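Peer 1: When you get a sec, could you build the whole thing from the sequences and use the hints?
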Amino acid sequence: MTTSSTGGVWQAPRTAVVTELLRQAEQSPSGPHLGEAGEIAVVTGLSGAGRTTVTNVLEDTGWYVVDNLPPSLIGNLAAMSDRLRVEADRAPRLAVACTVPSEAVVEDLAEALKELRAAGWKPWVLYLDASEAELVRRYEAVRRPHPLQGQGRLLDGIRAERRLLGSLRATADVVVDTSGLNVHQLSAQIGRMVEPGEDLPRVSVMSFGFKYGLPLDADIVLDLRFLPNPYWVPELRAHNGTEAPVRDFVLAQEGALDFVERALDMLEPMVAGYRREHRRFVTLAVGCTGGKHRSVAITEELARRLAEREVAVRSLHRDLGRE
Numbered sequence: 032m033t034t035s036s037t038g039g040v041w042q043a044p045r046t047a048v049v050t051e052l053l054r055q056a057e058q059s060p061s062g063p064h065l066g067e068a069g070e071i072a073v074v075t076g077l078s079g080a081g082r083t084t085v086t087n088v089l090e091d092t093g094w095y096v097v098d099n100l101p102p103s104l105i106g107n108l109a110a111m112s113d114r115l116r117v118e119a120d121r122a123p124r125l126a127v128a129c130t131v132p133s134e135a136v137v138e139d140l141a142e143a144l145k146e147l148r149a150a151g152w153k154p155w156v157l158y159l160d161a162s163e164a165e166l167v168r169r170y171e172a173v174r175r176p177h178p179l180q181g182q183g184r185l186l187d188g189i190r191a192e193r194r195l196l197g198s199l200r201a202t203a204d205v206v207v208d209t210s211g212l213n214v215h216q217l218s219a220q221i222g223r224m225v226e227p228g229e230d231l232p233r234v235s236v237m238s239f240g241f242k243y244g245l246p247l248d249a250d251i252v253l254d255l256r257f258l259p260n261p262y263w264v265p266e267l268r269a270h271n272g273t274e275a276p277v278r279d280f281v282l283a284q285e286g287a288l289d290f291v292e293r294a295l296d297m298l299e300p301m302v303a304g305y306r307r308e309h310r311r312f313v314t315l316a317v318g319c320t321g322g323k324h325r326s327v328a329i330t331e332e333l334a335r336r337l338a339e340r341e342v343a344v345r346s347l348h349r350d351l352g353r354e
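So for the sequence shown, this note's numbering puts the first residue at 32; every next one is plus one.
Do not rely on the hints blindly, as some may be mistaken.
As the list claims (entries may be wrong) - Cβ-Cβ distance ranges computed for the label pairs, FRET-style:
id	residue 1	residue 2	range
1	V264	G304	37 to 47 Å
2	A191	D289	46 to 56 Å
3	R175	M297	38 to 48 Å
4	E274	L245	24 to 34 Å
5	Q284	A172	35 to 45 Å
6	G222	E354	21 to 31 Å
7	L186	L247	14 to 24 Å
8	L347	A303	17 to 27 Å
9	A219	V173	20 to 30 Å
10	A283	G151	47 to 57 Å
11	L245	S198	14 to 24 Å
12	A201	P300	16 to 26 Å
13	D289	Q182	52 to 62 Å
14	D289	A172	39 to 49 Å
It should be emphasised that the hints constitute simulated quantities derived from the structure, not laboratory data. From a predicted model like this one, the values you see are computed outputs, not experimental measurements. Beta carbons: idealized from backbone N, C-alpha and C, even for Gly.
Peer 2: Here it is in structure tokens:
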């Protein structure tokens, strides 16, 4: 079994890893001694939503990744990490990519997470989601059947898996909607999320257009459609909220700055509470009609002011350039 000094994906030698974990499980029926706390990320979600891309990013940013490990063996993997701790001179960051083909595996994963937390580890679940239309497009592009499709339609398999994983999605620490993201965009988004050295929680302020639908991964949604729309100002229509003319117009509207201040006053105790609860990521979605003018300008202003308050924050614009 080989890994690099900065991380690695245990895929080719996976059989050896699983064999060793099974041996440990047989020798330690009461469960492994997990030792010093470290991070364990569990990457799961809908088939076709981007799990392979995410594990590649984690590997590139220094995580030790095991693909397709049965949930019942995650604790044994944590126990084996003592060697990695010695090599890296720090508690390692481990990641496990899990496929969940049955209700029994969902239950196994929930139990494994419970045991890890009780032993002092810091597991968190990254759930990858995508729309039905997006998943159909991806499966048709690669011409592969869905794992739960059987002899039925592709949509039947997708919907069955979504129902199966409903409880897992509801309790996930982070939900990422990969609809409309290509490999490079998803890689960049995950890379920003797992950058080391940032204070928790990491707040994402995201603009969007209501006409394209609510963001599935939003924790908080704010509606800016009460502000006058720069779209109806001819000289501003072609510009967007990152540009000074639109930004100045939006912020000069009655109620705009008051809205920003009230949003910040609301967010400050929430961020403090999320920090106490060890919440890792928070997404604030700010919407207007098309996601080009008002929401973009206010998103940038909120992100700027949150940064001034020493909050780990980034801004992103889901629908900018989509029109």
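Peer 1: It remains to establish, for every hint, whether it holds in the given structure.
Peer 2: Now for the hints, and whether the structure bears them out:
{"no.": "1", "hint": "V264 <-> G304: 37 to 47 Å", "result": "holds (40 Å)"}
{"no.": "2", "hint": "A191 <-> D289: 46 to 56 Å", "result": "holds (48 Å)"}
{"no.": "3", "hint": "R175 <-> M297: 38 to 48 Å", "result": "holds (45 Å)"}
{"no.": "4", "hint": "E274 <-> L245: 24 to 34 Å", "result": "holds (26 Å)"}
{"no.": "5", "hint": "Q284 <-> A172: 35 to 45 Å", "result": "holds (44 Å)"}
{"no.": "6", "hint": "G222 <-> E354: 21 to 31 Å", "result": "holds (27 Å)"}
{"no.": "7", "hint": "L186 <-> L247: 14 to 24 Å", "result": "holds (18 Å)"}
{"no.": "8", "hint": "L347 <-> A303: 17 to 27 Å", "result": "holds (23 Å)"}
{"no.": "9", "hint": "A219 <-> V173: 20 to 30 Å", "result": "holds (22 Å)"}
{"no.": "10", "hint": "A283 <-> G151: 47 to 57 Å", "result": "holds (52 Å)"}
{"no.": "11", "hint": "L245 <-> S198: 14 to 24 Å", "result": "holds (21 Å)"}
{"no.": "12", "hint": "A201 <-> P300: 16 to 26 Å", "result": "holds (24 Å)"}
{"no.": "13", "hint": "D289 <-> Q182: 52 to 62 Å", "result": "holds (59 Å)"}
{"no.": "14", "hint": "D289 <-> A172: 39 to 49 Å", "result": "holds (47 Å)"}
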